[in-house]
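S.K.: Respectively, the protein sequence lines represent chains W and B. Quick note: the first sequence uses this note's numbering, first residue 1, plus one each step. Quick note: the second sequence uses this note's numbering, first residue 1, plus one each step.
The hints are simulated quantities; they were obtained by calculation from the structure and are not laboratory data. Keep in mind that this is a model prediction, so the values were computed, not measured. Just to be clear, a hint being listed does not mean it is correct.
Remember, identical chains collapse to one label, so a pair may be satisfied in a single copy or spanning two.
No more than 25 Å apart at the CA atoms, straight line, and that leaves these computed lysine to aspartate or glutamate pairs for DMTMM-like [stated by the list, open to error]: (1) Lys26 <-> Glu251; (2) Lys115 <-> Asp29; (3) Lys115 <-> Asp33; (4) Lys254 <-> Asp285; (5) Lys254 <-> Asp29; (6) Lys315 <-> Asp29; (7) Lys403 <-> Asp338; (8) Lys106 <-> Asp332; (9) Lys318 <-> Asp34; (10) Lys26 <-> Asp288; (11) Lys299 <-> Asp285; (12) Lys26 <-> Asp332.
Number of protein chains: 2
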Amino acid sequence: MKKLAVLGYGTVGSGVVELLYRNHRKIADKAGDDIQLAYILDLRDFPDSPYADKFVKKIDAILADDEVTVVAECMGGTEPAFTFLMQCLERGKSVVTSNKELIANKGAELLAAAKAHACNCFFEASVGGAIPIIRPLHRCLAANEISAIYGILNGTTNFILNQMLAEHMSFADALALAQQLGYAERDPSADVDGHDACRKICILASLAFGKHVYPESVHTEGIRSISLEDAYAADQLDGAVKLIAFVEKLENGKILPAVMPMFVPHENMISRVDGVFNCVEVCGDAIDKAYFCGRGAGKLPTASAVMGDVIEAVKHHKTVFSQFWVDAGTQDFVAGLDALKCGIFVRFAEQYDRFLIQRSAENWLRANGETGWVVPATDNAFKIDFLSLTKAERDSLIAALEKDGLKPAVVLPVLSDPCAE
Amino acid sequence: MKKLAVLGYGTVGSGVVELLYRNHRKIADKAGDDIQLAYILDLRDFPDSPYADKFVKKIDAILADDEVTVVAECMGGTEPAFTFLMQCLERGKSVVTSNKELIANKGAELLAAAKAHACNCFFEASVGGAIPIIRPLHRCLAANEISAIYGILNGTTNFILNQMLAEHMSFADALALAQQLGYAERDPSADVDGHDACRKICILASLAFGKHVYPESVHTEGIRSISLEDAYAADQLDGAVKLIAFVEKLENGKILPAVMPMFVPHENMISRVDGVFNCVEVCGDAIDKAYFCGRGAGKLPTASAVMGDVIEAVKHHKTVFSQFWVDAGTQDFVAGLDALKCGIFVRFAEQYDRFLIQRSAENWLRANGETGWVVPATDNAFKIDFLSLTKAERDSLIAALEKDGLKPAVVLPVLSDPCAE
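Looking at chain W on its own, in the form it has when it is part of the complex (with noise of 0.2 Å):
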């Protein structure tokens, strides 16, 4: 038999408890052993719980029962729980988390700790909920040189995008609706301004390329600009505009994180990923690509993912897995936005005609010795794919645009496949 404590009894500290009651038996034959619940800890009361005998207020009785040997922290943000799992690892205990802020800023300092006490700190559940891919990246695809990793990794705001094409509801309207279905939050500002989404790939990037990658080094931007009529322009071009979280290895070495909504067209097996889902692409040199997709949040899928994870600290208590970055001290290896190279979708906000678009972008090419190919919307939009422009020429084109009288309102990235390059 093996005790464990729960820190936190909010959606998905009690989704762990549900699951844990449900599946109990076949959890005790995964782990081979039986798994206890001994503790909750929560600053709330919760007198008409079944489990009420078992709630704490305070971590010390946790940390001083020798007999729990694994911790899940289910309570979210950076302090409590950061100063709560260092001092269950200092005392040998395994711990668990789906806290994606707490590993994105402290990961590397959690995964020392848990390395020198020989213990686990497993965090599967803070990146894509119930989707398996902190494992299947570190350990399926171990003897690959990750080139990149792309995906939708905020079902909130995949929500809201396709609320917004698929029922023709403006942003504001369609975030109103994922907080009344309780997918967004009163205060929106983590999903929707990209924020929870750069948590995500900072530690899907630290885990791939074997440094912490702060979520201060990463360029975030969100869909507050993203209007209906982006979602229209990108549906008639064949593909649509999805909050993308990417990381690439560039040639000079350095890698490239960024948040951003993009134009994903519709041969990308992302671009049709929908409602909150998730999904991630990953790029290696010996598989080529592989997706991985399901419920990006959410109690079950998300305790799935934690349950997951004590089974395997239960089964393997003082195997110290390898899942492991360190802290650089410096991130002169990440690389800023102006690395990408990407092909362009651009949107105006006036109705122009559209050989005049089509001929003034392709003067643009023609003049600077590219050969992509301009795809005109039937009205006001187009988009130039299988094409890596730089920087300086996305903005050299769009100076061309605009000198031709041409107004763009809104220019994203093209998300080709990232794996062909």
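Knowing the structure of chain W, use the given hints to seat chain B on it.
M.R.: Positioned in the frame of chain W, the structure of chain B alone reads:
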């Protein structure tokens, strides 16, 4: 330093050797130890190979070398692979295999031997090529009760079906092209008759439900009967014909595995998986559903999965992972195809009036108290989805159509969202 032996220097085996040397440093980092290729077993001579000094023709040298910790089997076929791997396991050497025929037929015995000798038997490469599916299913989703697994597990047939529609080719021409491109063997029956997909669903079913499902217990159909007309009609009805391997848990506790061509509506991501890609959908009580997609075959993609297992076996040599199932002594827990409930896709050999088709099918629905939605194609096909018809009901519907003078040429089950049921 840990010694590795590779059995078989065909496509996969030579890919494993290539990948080991190409990403040697990364692999050593991940394994926490240097992996040295000590032996390659092959009956053929490779005098010009840079690894010529490592070739052996008999297993004895490998068995006798106590420093060989991991053996990667890439020979294919049940024998002598089975005998070799049992001998390795009996000597405490962990084994890794890409051989689906072997695991589908002898998995329970190999896993029991690994457990008895406190070493590991890994087989990530046996299903889905590069796609991480065995470890995610077993570990990451360990807390879930699995209700169904559906997918495209054979890239060759998926390529053929795609090619038929995209290039207006007959089955025979598309098969010839697949052979020319090296996607299909000269004797293509393992692929086109469904045996390869059958072995893979046996492995997934055994792993998910804990009892060995043998290929002989699985209803297996291939795609030889699928014509260009079927592909067209499916496309008209907003779907695609795909060779689907699946296993479902039934209400009576039995499981229903099968391999057969199905009509997959475009709402399901699986319908859009093109070319030689594979895609597996897993349904569980906590995750709802998750998708895993990637290259299902090929030298380096398969080698990636083998090396991922080799790294794990080196890193955790004496940890016995619980990836496990038993021979239940009977296949009574496996249900036959009669238990399948599904919607239906019907294509007629002759051109009938579409309203005649629709009226005939709707009359049957009304007479049987069903409220399905009959969707006719512009010419000679229709589908009824979002409805679960039993085998008897499907037969009764077909009989009713025939009584109205409508002769079905091809009848396929509809794959609705298997997780939604």
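S.K.: All the hints need checking, so say for each whether the structure fits it.
M.R.: Structure-based check of each hint:
| no. | hint | in the structure |
| --- | --- | --- |
| 1 | Lys26 <-> Glu251 | between (47 Å within a copy, 18 Å between copies) |
| 2 | Lys115 <-> Asp29 | between (27 Å within a copy, 15 Å between copies) |
| 3 | Lys115 <-> Asp33 | both (24 Å within a copy, 16 Å between copies) |
| 4 | Lys254 <-> Asp285 | within (17 Å within a copy, 41 Å between copies) |
| 5 | Lys254 <-> Asp29 | between (44 Å within a copy, 20 Å between copies) |
| 6 | Lys315 <-> Asp29 | both (10 Å within a copy, 24 Å between copies) |
| 7 | Lys403 <-> Asp338 | within (23 Å within a copy, 69 Å between copies) |
| 8 | Lys106 <-> Asp332 | within (18 Å within a copy, 52 Å between copies) |
| 9 | Lys318 <-> Asp34 | both (17 Å within a copy, 22 Å between copies) |
| 10 | Lys26 <-> Asp288 | between (35 Å within a copy, 17 Å between copies) |
| 11 | Lys299 <-> Asp285 | between (35 Å within a copy, 12 Å between copies) |
| 12 | Lys26 <-> Asp332 | between (47 Å within a copy, 22 Å between copies) |
Hint violations for this structure: none, all hints satisfied.
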